[in-house]
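Let's have the full structure, built from the sequences with the hints guiding it.
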Amino acid sequence: MTTLFSLLQKTNQFLWSGPLLFLLLGTHIYFTIRTRGIQKKLPLALQLSVKADTASASGMSSFSSLATTLAATLGTGNIIGISTAIALGGTGAVFWCWLTGVFGMATTYVECYLSLHFRKQRVDKTYVGGPMYLLTEQLHAPRTGKLYAYLLLASSFCVGCSTQSQAITQTLSSVFSLDTVAVGLLLSFLLFLSLLGGIRSVGKICTFLVPVMGFLYLASCLVLLILNSEFLLPAFQTILASAFSFSSVAGGLAGSSLLLSARYGIARGLFTNEAGLGSAPVAAANSGAASDCQALVLMSATFWDTVVMCALTGLVIVSSRLKVPSLFSCCADSDFTLAAFSLLPGGEQLLALSIVAFAVATLLGWSFFGEKAAEFLFGNSQIKTYRLLYCFMIFLGSQMTLTLVWELSDFFNALMLLPNLISLFLLQKHLPKC
1 MTTLFSLLQK
11 TNQFLWSGPL
21 LFLLLGTHIY
31 FTIRTRGIQK
41 KLPLALQLSV
51 KADTASASGM
61 SSFSSLATTL
71 AATLGTGNII
81 GISTAIALGG
91 TGAVFWCWLT
101 GVFGMATTYV
111 ECYLSLHFRK
121 QRVDKTYVGG
131 PMYLLTEQLH
141 APRTGKLYAY
151 LLLASSFCVG
161 CSTQSQAITQ
171 TLSSVFSLDT
181 VAVGLLLSFL
191 LFLSLLGGIR
201 SVGKICTFLV
211 PVMGFLYLAS
221 CLVLLILNSE
231 FLLPAFQTIL
241 ASAFSFSSVA
251 GGLAGSSLLL
261 SARYGIARGL
271 FTNEAGLGSA
281 PVAAANSGAA
291 SDCQALVLMS
301 ATFWDTVVMC
311 ALTGLVIVSS
321 RLKVPSLFSC
331 CADSDFTLAA
341 FSLLPGGEQL
351 LALSIVAFAV
361 ATLLGWSFFG
371 EKAAEFLFGN
381 SQIKTYRLLY
391 CFMIFLGSQM
401 TLTLVWELSD
411 FFNALMLLPN
421 LISLFLLQKH
431 LPKC
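Using our numbering, the first residue of the sequence shown is number 1, and each one after it goes up by one.
You may find that some hints are simply not true.
Here are the computed lysine to aspartate or glutamate pairs in the DMTMM-like style, where the Cα-Cα straight-line distance is at most 20 Å [stated by the list, open to error]: (1) K125 x E375; (2) K433 x D292; (3) K40 x D292; (4) K41 x D292; (5) K323 x E348; (6) K323 x E230; (7) K10 x E407; (8) K429 x D292; (9) K120 x D292; (10) K120 x E137; (11) K120 x E375; (12) K146 x E375.
Please keep in mind that the hints were generated in silico from the structure rather than gathered at the bench. Note that this is a predicted model, so its numbers are computed, not measured.
Put into structure tokens, the structure is as follows:
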């Protein structure tokens, strides 16, 4: 088991220390140019995203689709992911994570637009789509389509499931001294009850939970930044200096500091906003909204998730560490955000509840993605089996170690990227003129 884990770490280190960094960031920059800076339409995207609409028999409403995508992305990556990125990659990881979000909006737009453009309407008037359908029906590569669906299914168990349940149990155990086994069992049972209602139930829960949890967390971060106001400029300077540091040259590892910052910043950026991963298009295609408008709406998810939430978390951590360095001297990799929130009265408890809310929303959002993958592979007959397995993995993930959970997440993220990005490049001729 130790040998397999070591192999997993070495594989991730190779993939995320060069090849995938350039591929992912290069793709984001390419599609930014290809769409003539689609990010400039962000004000319109934000306006469309708050427009009230209702779901019909044809699928999710526009806002429910956005809420489900945000639920899947606004998870522990925004809190624990940034903490581990800073701990392992230095403060410069915040910059690379933020940059991934800025340019990643273009990739999110492209992948959502293509899935919406080629979505299928079924006999029951609902829509389906996503990378597996693009690969199978538009690129005539059914084996690759199935491969992507299997990877999406596996990722729902690791990226969307185990990381979140592990975060919930460890947080509640650390802050409230609750038993991890009891928390894992209760969490599995409650999620199973939620999943019984199907995608409509998931959409309704996410539509309520996402705005509430997002507002509370953002408000807490803003209060902390006000308290740390005199350290904000030094925090910015520290982040930028670390992002482009070659401090390890003298030690024989030329550029390792910069590569570490980029490796963990971009990897955590991908984990949290999923731009290029192909998961957001699965939710997008379930909507009956117009392709261009809905793609813009889903693009705003990447903005909120990484450009806003991750950047704020990073600034809170770095400014708090500059203000009270002793708080972080003995912190575990995942506890930097918790240390920063301890500067607020009741901040640790507030953050714990935020982590639970974020993680539960992500569990719901990713259950939808995995369910669509299972439906593509096995048909509707295995949906109940998938839900049972998903709830079992919630419990199993709650008992796993943090390091193993994150290594598995990075590995499956890497595997999902390749077939999805291939489909985007091959189908880009169908993009509208922006």
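Problem set entry | Satisfaction of hint between E375 and K125, Cα-Cα up to 20 Å | Satisfied, since the Cα-Cα distance of roughly 16 Å is no more than 20 Å.
Exercise. Holds or violated: are the alpha carbons of K323 and E348 at most 20 Å from each other?
Worked result: This hinted pair holds, its Cα atoms lying about 18 Å apart.
Exercise. Is the Cα-Cα distance between K120 and D292 20 Å or less?
Worked result: holds, 16 Å
Problem set entry | Restraint status (C-alpha distance of K40 to D292 at most 20 Å) | holds, 14 Å
Exercise. Is K433 within 20 Å of D292, Cα to Cα?
Worked result: This hinted pair holds, its Cα atoms lying about 11 Å apart.
Exercise. Between K120 and E375, is the straight-line Cα distance small enough, at 20 Å or below?
Worked result: With Cα atoms ~14 Å apart, K120 and E375 stay inside 20 Å; holds.
Exercise. Within a Cα-Cα threshold of 20 Å, do K120 and E137 meet the stated pairing?
Worked result: Measuring from Cα to Cα gives roughly 10 Å; hence the hint holds.
Exercise. Would the pair K323 and E230 pass a check requiring their Cα atoms to be no farther apart than 20 Å?
Worked result: Within the cut-off at roughly 9 Å; holds.
For this session: Would you mind confirming whether the straight-line C-alpha gap from K10 to E407 stays at or under 20 Å?
Result: holds, 10 Å
For this session: Take a quick look at whether K429 and D292 sit within 20 Å of each other, Cα to Cα.
Result: holds, 15 Å
Exercise. Regarding the pair K41 and D292, is the alpha-carbon distance no greater than 20 Å?
Worked result: Measuring from Cα to Cα gives roughly 11 Å; hence the hint holds.
Exercise. Does K146 pair with E375 here, judged by a C-alpha cut-off of 20 Å?
Worked result: Since the Cα atoms of K146 and E375 sit roughly 11 Å apart, the hinted pair holds (cutoff 20 Å).
Every hint, counting from the list given before, is met by this structure.
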